[in-house]
Amino acid sequence: MTRVTHVVIGGGLNGLVAAALLARAGKSVCLLEQSPTLGGMAAPGPDGSARMAHLLYNLSPRVARDLGFAGGRWPLSMTELPSVSLSPEGAHVVVRGARATLADGTPHAQAAAFATLHGRLTRWGALLRHLAEAAPPGGLDGGALSMQGLRQMIRLGRVGLGLRGMGKPEMRAFLQALLSNAHDLILDELVDGPLAGLLAADAVRGAAAGPRSPGTVFSLIYRMGHGGAASVPKGGMGALIDAVAGVARAAGARVETGAKVARILVEGDRVTGVETETGETIGAKAVLVSPGAQVACALAGHRHFDIEATNRLRGIRARGTAAKINLTLDGTPEIPGLPADLLGARLVLAPSTEAVELAFNPSKYRRMSDAPVIEAVMPGLTDDGQPKAHLSAIVQYAPHDLEGGWSDAARDRLLKITLDRLAQVAPGLPARVTAAEVITPDRIAGETGVPGGHWHHAEMALDQLLALRPANGIGRYALGPKGLFLCGASAHPGGDLMGLAGLNAARAALEAAS
Amino acid sequence: MALSSSYDAIIVGAGHNGLTAGAYLARAGRKVLIVEKNDWIGGAAVSRSLHPGWTYSNCSYVCSLLRREIVRDLDLPAHGLQVIPYEGGATFTKDGDYFAYYSDHDALRREMARHSPRDADAYARYSQAVLRQCRFIRPFLLRDAPDPASLRPRDLGEMAYLVRKAHGLGRKELGETMRFWTMSIGDFLDQHFENDLIKAHLAGSGIIGTGLGVYSPGTAYVLLHHYMGDIDGGIGAWGFARGGMGAISAAMGRAFEAAGGTILTGAGLDRFLVRDGRVTGVALEDGREFRAPVVASNMDVKRTFLTHLDASDLPEDFRRAVGRFKIRGSSAKLNIALDRMPEFPAAPPHASFLRGDMHVSTSLWELERAYDDWKAGRWSDAPYIDMLIPSQIDPTMAPVGGHMMTVFVQYAPYDLEADGVRSGANWTDEKRAALADKVIGRIEIACPDIRDRIRHVEVRTPLDIEREVGLTEGNIFQGELTFDQLFFNRPVPGWSQYDSPVKGLYLCGSSAHPGGGVMGAPGANAARAILRDTGGSGRMKGYAA
Numbered sequence: 010m011t012r013v014t015h016v017v018i019g020g021g022l023n024g025l026v027a028a029a030l031l032a033r034a035g036k037s038v039c040l041l042e043q044s045p046t047l048g049g050m051a052a053p054g055p056d057g058s059a060r061m062a063h064l065l066y067n068l069s070p071r072v073a074r075d076l077g078f079a080g081g082r083w084p085l086s087m088t089e090l091p092s093v094s095l096s097p098e099g100a101h102v103v104v105r106g107a108r109a110t111l112a113d114g115t116p117h118a119q120a121a122a123f124a125t126l127h128g129r130l131t132r133w134g135a136l137l138r139h140l141a142e143a144a145p146p147g148g149l150d151g152g153a154l155s156m157q158g159l160r161q162m163i164r165l166g167r168v169g170l171g172l173r174g175m176g177k178p179e180m181r182a183f184l185q186a187l188l189s190n191a192h193d194l195i196l197d198e199l200v201d202g203p204l205a206g207l208l209a210a211d212a213v214r215g216a217a218a219g220p221r222s223p224g225t226v227f228s229l230i231y232r233m234g235h236g237g238a239a240s241v242p243k244g245g246m247g248a249l250i251d252a253v254a255g256v257a258r259a260a261g262a263r264v265e266t267g268a269k270v271a272r273i274l275v276e277g278d279r280v281t282g283v284e285t286e287t288g289e290t291i292g293a294k295a296v297l298v299s300p301g302a303q304v305a306c307a308l309a310g311h312r313h314f315d316i317e318a319t320n321r322l323r324g325i326r327a328r329g330t331a332a333k334i335n336l337t338l339d340g341t342p343e344i345p346g347l348p349a350d351l352l353g354a355r356l357v358l359a360p361s362t363e364a365v366e367l368a369f370n371p372s373k374y375r376r377m378s379d380a381p382v383i384e385a386v387m388p389g390l391t392d393d394g395q396p397k398a399h400l401s402a403i404v405q406y407a408p409h410d411l412e413g414g415w416s417d418a419a420r421d422r423l424l425k426i427t428l429d430r431l432a433q434v435a436p437g438l439p440a441r442v443t444a445a446e447v448i449t450p451d452r453i454a455g456e457t458g459v460p461g462g463h464w465h466h467a468e469m470a471l472d473q474l475l476a477l478r479p480a481n482g483i484g485r486y487a488l489g490p491k492g493l494f495l496c497g498a499s500a501h502p503g504g505d506l507m508g509l510a511g512l513n514a515a516r517a518a519l520e521a522a523s
Numbered sequence: 334m335a336l337s338s339s340y341d342a343i344i345v346g347a348g349h350n351g352l353t354a355g356a357y358l359a360r361a362g363r364k365v366l367i368v369e370k371n372d373w374i375g376g377a378a379v380s381r382s383l384h385p386g387w388t389y390s391n392c393s394y395v396c397s398l399l400r401r402e403i404v405r406d407l408d409l410p411a412h413g414l415q416v417i418p419y420e421g422g423a424t425f426t427k428d429g430d431y432f433a434y435y436s437d438h439d440a441l442r443r444e445m446a447r448h449s450p451r452d453a454d455a456y457a458r459y460s461q462a463v464l465r466q467c468r469f470i471r472p473f474l475l476r477d478a479p480d481p482a483s484l485r486p487r488d489l490g491e492m493a494y495l496v497r498k499a500h501g502l503g504r505k506e507l508g509e510t511m512r513f514w515t516m517s518i519g520d521f522l523d524q525h526f527e528n529d530l531i532k533a534h535l536a537g538s539g540i541i542g543t544g545l546g547v548y549s550p551g552t553a554y555v556l557l558h559h560y561m562g563d564i565d566g567g568i569g570a571w572g573f574a575r576g577g578m579g580a581i582s583a584a585m586g587r588a589f590e591a592a593g594g595t596i597l598t599g600a601g602l603d604r605f606l607v608r609d610g611r612v613t614g615v616a617l618e619d620g621r622e623f624r625a626p627v628v629a630s631n632m633d634v635k636r637t638f639l640t641h642l643d644a645s646d647l648p649e650d651f652r653r654a655v656g657r658f659k660i661r662g663s664s665a666k667l668n669i670a671l672d673r674m675p676e677f678p679a680a681p682p683h684a685s686f687l688r689g690d691m692h693v694s695t696s697l698w699e700l701e702r703a704y705d706d707w708k709a710g711r712w713s714d715a716p717y718i719d720m721l722i723p724s725q726i727d728p729t730m731a732p733v734g735g736h737m738m739t740v741f742v743q744y745a746p747y748d749l750e751a752d753g754v755r756s757g758a759n760w761t762d763e764k765r766a767a768l769a770d771k772v773i774g775r776i777e778i779a780c781p782d783i784r785d786r787i788r789h790v791e792v793r794t795p796l797d798i799e800r801e802v803g804l805t806e807g808n809i810f811q812g813e814l815t816f817d818q819l820f821f822n823r824p825v826p827g828w829s830q831y832d833s834p835v836k837g838l839y840l841c842g843s844s845a846h847p848g849g850g851v852m853g854a855p856g857a858n859a860a861r862a863i864l865r866d867t868g869g870s871g872r873m874k875g876y877a878a
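In order, the protein sequences belong to chains A and B. According to my numbering, the residues represented by the first sequence are 10 to 523, in order. According to my numbering, the residues represented by the second sequence are 334 to 878, in order.
Source of the hints: derived by calculation from the structure; they are not laboratory data. Some hints could be false.
Examples of chain A residues toward chain B, derived with CB under 7 Å [stated by the list, open to error]:
#1 Arg181
#2 Leu188
#3 Asp197
#4 Ser222
#5 Gly224
#6 Gly324
#7 Leu471
#8 Asp472
#9 Leu477
If we take Cβ atoms under 10 Å as the criterion, some of the chain A residues that face chain B in the derived model are [claimed, not checked]:
#10 Met162
#11 Leu165
#12 Ala186
Glycine included, every Cβ here is placed at the ideal spot set by N, Cα and C.
This is chain B alone, in the form it adopts within the complex (with noise of 0.2 Å):
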């Protein structure tokens, strides 16, 4: 397509969110150009074939919350989206035991009572507490989160939409929620559970992604951001996107595109165009500029308002406002090239639960510890891991026979050996190498034949990420997901509605509310916004009209 020189909106980043606000705001009739600094999009929704024959989804892994008024308003499964849920997971010990998480009911039950009779009776009540939450959660997310210091008619109704809901949980449950958002996973997981592997399983959720432990206060929400998704209806399920994470992306693309919108890749941002406190366009590294009245970052929020635009296009106030905004780079990731399925002596043969999540872990404090390593700058000694093998449920992951495999380190820290600068210089091929190292070795306890199966290993550290997908410090939901930075928080107060102090530039990536995670939310209410801001014609089509 011939690219012209000036558009409707422009958006910087091809991420899924990128994708997702420029396929509502061309669905509403709007010229709308995508630039992207890869030569591929997807931002860290994507599959890469970096070993010949096989595929990795080599950031984000799994699939559950995108937003599925999304998924049917840009037609996605018409664009190729399929995703298959998976099933259960696994937590093995040193000891040869594992602790397996079933979706059958009854099955799941059964392998609790093996561990505590008792916590299987207590599961319950533990999952009908967290699916009360998700059940509250939901409708906030493509909903805008109203500034309270605002007398606007649109933030006082959010403000009285937030009350009546609320309201309508009744004083005692009103209680319950309250302590569920500022409580640890650790302590929720206390008072429901005894069973040190039932707890430790249950925990990883509440920390993925975050520079929190499990006994933070504030991880409990945390739990819920990774439970609050659902595939085909069924809250909480997770599941592969056949062809790996950038399928979605690539649906999302060409749902733009049929749209009538232009994606360039190899498209690096040098900065936005901004006269007169209005944005008017963008500039490229390679020096093309292209004109538009609105421009929509993907970037977080810190590439976009600190690295790309004049200091002086902003209020002193709201640079310091970003400046503090909290990313702080603590997961890892290896992708792994498999000859064969490895051996997992502890299951039973054909497990279920091997094609789902799995971990190794004994207890909360080992995973508290990681977290205390991570805070010193060092990646940890016990990391938490979430290993995936999707080849066995989508074929086209890896050659015939072959598998691939996804594991999610957690605590790496972007800055290593903190020496009071915060730089992601002193990750050396050394220490890259060291780390993949640590991690095999914590995968040879669930499966000891790891080495042996292994025919190619990529390492992505926190700088890794950062250089590739361009999240600061590799943080995987572009900034913290603590409750000084949520809601109305996000990603500064007063500024939680996707606009800025520039006017005509937005955010529309994971800084903004409600988060991060390959949800879509960020992205459609950066849409909407863009589309009431700017008037005209333009309805939103679907959820939010």
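Chain A on its own, in the form it takes in the complex (with noise of 0.2 Å):
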């Protein structure tokens, strides 16, 4: 038997990170993905292409200097993309930071108002961030005199602090919004069409709601933390995954892909290890787990859980609703009213607020939307090392609970759908593509283990944040029997690939180990 201090299970870029923390803190670890490739939602395919995630806009510089990266920057070279939102009609809208223009260099109309909203969420965006970096605050299990407590006072502190130097009037603006819905933030500011829709379908991307859902400014609000810009890295995702794979085997930690784990152990009221489905048993006094907490939970028994905790775990929402297609195409396609420097962008097809909403419907009654509100990217444009033509598209809304399930002939239909709508502002593009892969919520679940398939790993809804995420009493992270933790996208601060939640996961274990 293999024995180590810590076991992390799932290779994502949040099971990497605490690896390589808890490695580079002195631990004996062991990572064990079960697919044959590193990544989790952020693997890369067979040819380097983005196969689920394609950007990256919030990856935080925190990990990156916790990882000890050279002068605590990514070792990443990223090319940040301007956002395209696409208007059948044809007068696109280019976004480049706050500065909003038409596709021809014109300016565009609300300008000045979009600059104005833009700057506020980039800076209510900041402050949040100073909450996604450490444990969600609650919980003082020392007493507030604790270390922990000290710092967490701190951090508490701080955030009050740049409220209060907001100025009374910013500060009012900011806990109104926090609870407010995305369309009336938006469309208080905003005519609606494509500059709004490109708002409102940022706000909502990967969730199982519509921009009038309550709680959907704070999705949009923690999506800015680091100004909101979409950025492509040199190599795709995988030279990210690699990077930090890097960091942790070069501290020592063991990393293993194709390596699925049966069970994990539990005697008394302690986690002992993990077995894996070949047999092997790999001992450890703790284990941190990725996809998510019924994953961990159904991993180590129902028995070491509490009713109170098993009932909570029953209720967290994880429907997902974002379906990823993956397009080879032989050779670039024409957007008409768009200069051809521009098809690299993030391309973003939601016509307006209501669009959105309207896509949105459908999916509550487990439907896929008949006019899916699209966000494509062909990274080829800008990244040398990755396929030329290559579309990659998330689409919205294709439930994982489709009625009557995800068929063959209902992944043709969404294919089709998505095709159709592509076809309204790149008529050209359908015969254009040679190959097509639809990755909907049930096979990311099946390949990546994540509940629901869910994008985020469990809904980002205000009554499953900050300490309430993924449920009331398992919010820092620590759950069940000691020594079980989550470390993945479904806890405090969520998804986005910002891999904090695999940095706080790794504190939250070197503070128990301690």
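Starting from two chains that each stand alone, build the complex the way the hints lay out.
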């Protein structure tokens, strides 16, 4: 039997970050990834293309620093992409940072209002980042005067000071918007159209919510934690995953792929290790689980969780609504009205806030959208390291629990709907498709083990955020028997390839060990 | 009573909150005038005789939220108010079954078990959870909502109170409270129950009056808003005011007049008089003017500040914030005179739940679809209805043998055919008749003979409610009860304590904390704020003393 101090289940970004940080802290770590490739939702395809997640916008510099990268910076060459909100009428909107123009270079009629709103969201995002970079507030086990308690107080104090520093009117606006819905926030400032639609789509990406759902402003603000600009790393997501895996290995962690865990071993009230499907037993003092609390509970056995906890785990909402469609093309498609140099931008098809809400409606009743919201990118146009003629699209809404299930026919229908939708702005595109891969939430769940195939592992709704993420009582990484932790996106602060859930979980595990 | 030209305080609008505020001020010795545009008082708590022999509670129709502190302070029973609790309710289905809600615990358990034994077990846990939330929130209703951006002692004190109450819950319970406040009624019910019909029955209270669906986050709180009342100490109990909801306003009016106050009806407001940033009185539509250093508006925040006040009298950012306050009409009302009690073939004869609130629904998804229709600017194809026949308990509402039926309808948009311009102008007589037909068709599922029983119907679209009562868009709460518009955010951040940028001008209606429903809390809280700000001998008798 192998013996380590920490086992990490799941080799996505957060799992790798947790493993690397634990190893750097001198722990003996073994990371087990069930699929043949590391990366989880950020795992690259065989040709280096973006298979699921395709953009970075919230990668945390704090994680880079703690991983010990030179200069405290991610060793990645990032290309920041402008965003283009495509309009079926042809008046595409280009957004670079806070600046909105039309695709022909003329200023957007609401550029000033957008800049103000963008500035606000970005400032607020920076504030929320303080909360994201540590375990959620609450639960002072050691009392307010412990080191942990003091650190928490200092952090909250910093948020409080940040709030105060905004001035009264801004602070009030923040406290109101935080609980509001994206639809109202956006349309209070902008006329509904592609520019408003872009923000609405960003507020609900991956969510089982429409822009009218209260709480969607919070996710929009979260997204803006680092300004909101999307980037493609040179070499694709694989470069990011390799970099972190490299740190983990260099620090002595054993990183294994194709290693599926069958059971988490528990003796008494304490975790003692894991057993893989091949029968190998790895002894450990702590086990960190990336795919989610439900998975952790199933692997460890329900009998090690009290009934209250089991009940809460069952109540976690993780109903994936985003599908990923990867298209191989025989050449670069044309988008009438869009200059060729903008084809490599982040292309969003969300003609209005209302359109996003309408796309959301059918998903509530377990049907796919007739006119889906799409975020598409052709990373090969900006990164030589990725295949040239590859279009990567996140398509919403395609609910995990589709009525009748996700058959091949249903997947074909989703592909057809998506191509029809794309053809509204790029009429020649469908004819250029030589191969298509449709990764619906059921497949995401199957491949990554994430409950519901949810883009963020668990719904980012207000009742599942901060200390309530993923559920009340298990919001601080530890759950169930001693030594069991969550380290994935279903834990605070959630998804979006930040790496912070892994970092916070590693700290929690280290604190528990000391 | 002879009118004078100046008063200590003038209240615009004789709704139940205006009357409450007026009564508290008058009892504190202030000389108070209430002006009301209609020829009757009550606002949306009225009893109207629109068909000879029948009395309609034609806006609000049942009573529970009215704060008992106010009933006691104003001695409303002595002024004629009698509230008679009703028991239970039912949701009927298309296939001839029903789910009945009984206030008798054992009967309810048996009925739940008939639909789902598991849900019968879950109910105790569910009702405990809701009751705990009710207990937590009730003390806040008659307190000021603190401004978190302010360092005034009063705000810090109220914040400290909030923190202390929250801390007292314990960590686990605090988490549950935060979840409850931010989740949807649909998700909350899904976590407790499995039976569609039981969930559909319980969900209604989470959406009544709102522009939200059963799966919109925040609707669990709206449920609370309908559960946190009490009758005779029975938390969550509902009842009829004998003589209709107007009896509440009438009793308040008498309490007000007994304390020396004056009510002037048929006196629509033209504008608030303002000089040098301070209110000096009101000018009426008929040209009369009355002076007072304090004016409290029972109208909603939009009407108060955007319709009856010069733009130049308000700071631009305040005006903008008021403009953005969301008041969306989402409900309609049918008031029906019946020649006798209609048949409910599914129900056992003389079932007690026929005297309660009755609905026709099948599932949460049907309710969610009803919301989607509203979002698109249509009335719901399968609307949620909340119908009661109060004349079974209160014989004063209809002639002998006859009955009065009140039907609350959701969703019905104010702005039919959303064309980008918000207006109620699309509500034509044909549309109104078509909506009524849709609703009556829905009632027919529960009582097939309803059309033969009808002697008269009053149909009230959001536009009608706006026109008669003066509620913007016909929104029954004077503003959405979403968390960005509750507590310190109500009506706008920084102005949650009834005063306004115009010195001496106050809000005393449901646009202010803690919001809508026939509760009286905004009126009482506004009176307290006025007495505090104007000092002198005005100590508030009762709870706030």
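Hint check results:
1. At a threshold of 7 Å, the smallest CB-CB gap from Arg181 of chain A to chain B is about 3 Å, leaving the interface hint in force.
2. Hint on Leu188 of chain A holds. Least Cβ distance to chain B is approximately 4 Å, under the 7 Å limit.
3. At a threshold of 7 Å, the smallest CB-CB gap from Asp197 of chain A to chain B is about 5 Å, leaving the interface hint in force.
4. The criterion of a C-beta within 7 Å of any C-beta in chain B is met by Ser222 of chain A, whose closest approach is roughly 6 Å, and the hint holds.
5. Given the 7 Å rule on beta carbons, the hint for Gly224 of chain A holds: about 5 Å separates it from the nearest Cβ of chain B.
6. Given hint, Gly324 of chain A at the interface with chain B, holds; its Cβ is 5 Å from that chain's nearest Cβ, closer than 7 Å.
7. Annotation: interface hint on Leu471 of chain A holds; nearest CB of chain B at approximately 4 Å, less than 7 Å.
8. Taking 7 Å as the C-beta contact cut-off toward chain B, the hint placing Asp472 of chain A at the interface holds, the least distance being around 4 Å.
9. For the restraint placing Leu477 of chain A at the interface with chain B, the shortest Cβ-Cβ distance is roughly 6 Å, inside the 7 Å limit, so the hint holds.
10. For Met162 of chain A, the shortest C-beta to C-beta distance to chain B is roughly 14 Å, which exceeds 10 Å, and the interface hint is violated.
11. Taken as an interface hint, Leu165 of chain A does not check out: its beta carbon lies about 13 Å from the nearest beta carbon of chain B, beyond 10 Å.
12. Satisfaction of the interface hint for Ala186 of chain A is found here, the shortest Cβ-Cβ separation to chain B being roughly 7 Å, below the 10 Å cut-off.
The earlier numbered hints that this structure contradicts are 10, 11.
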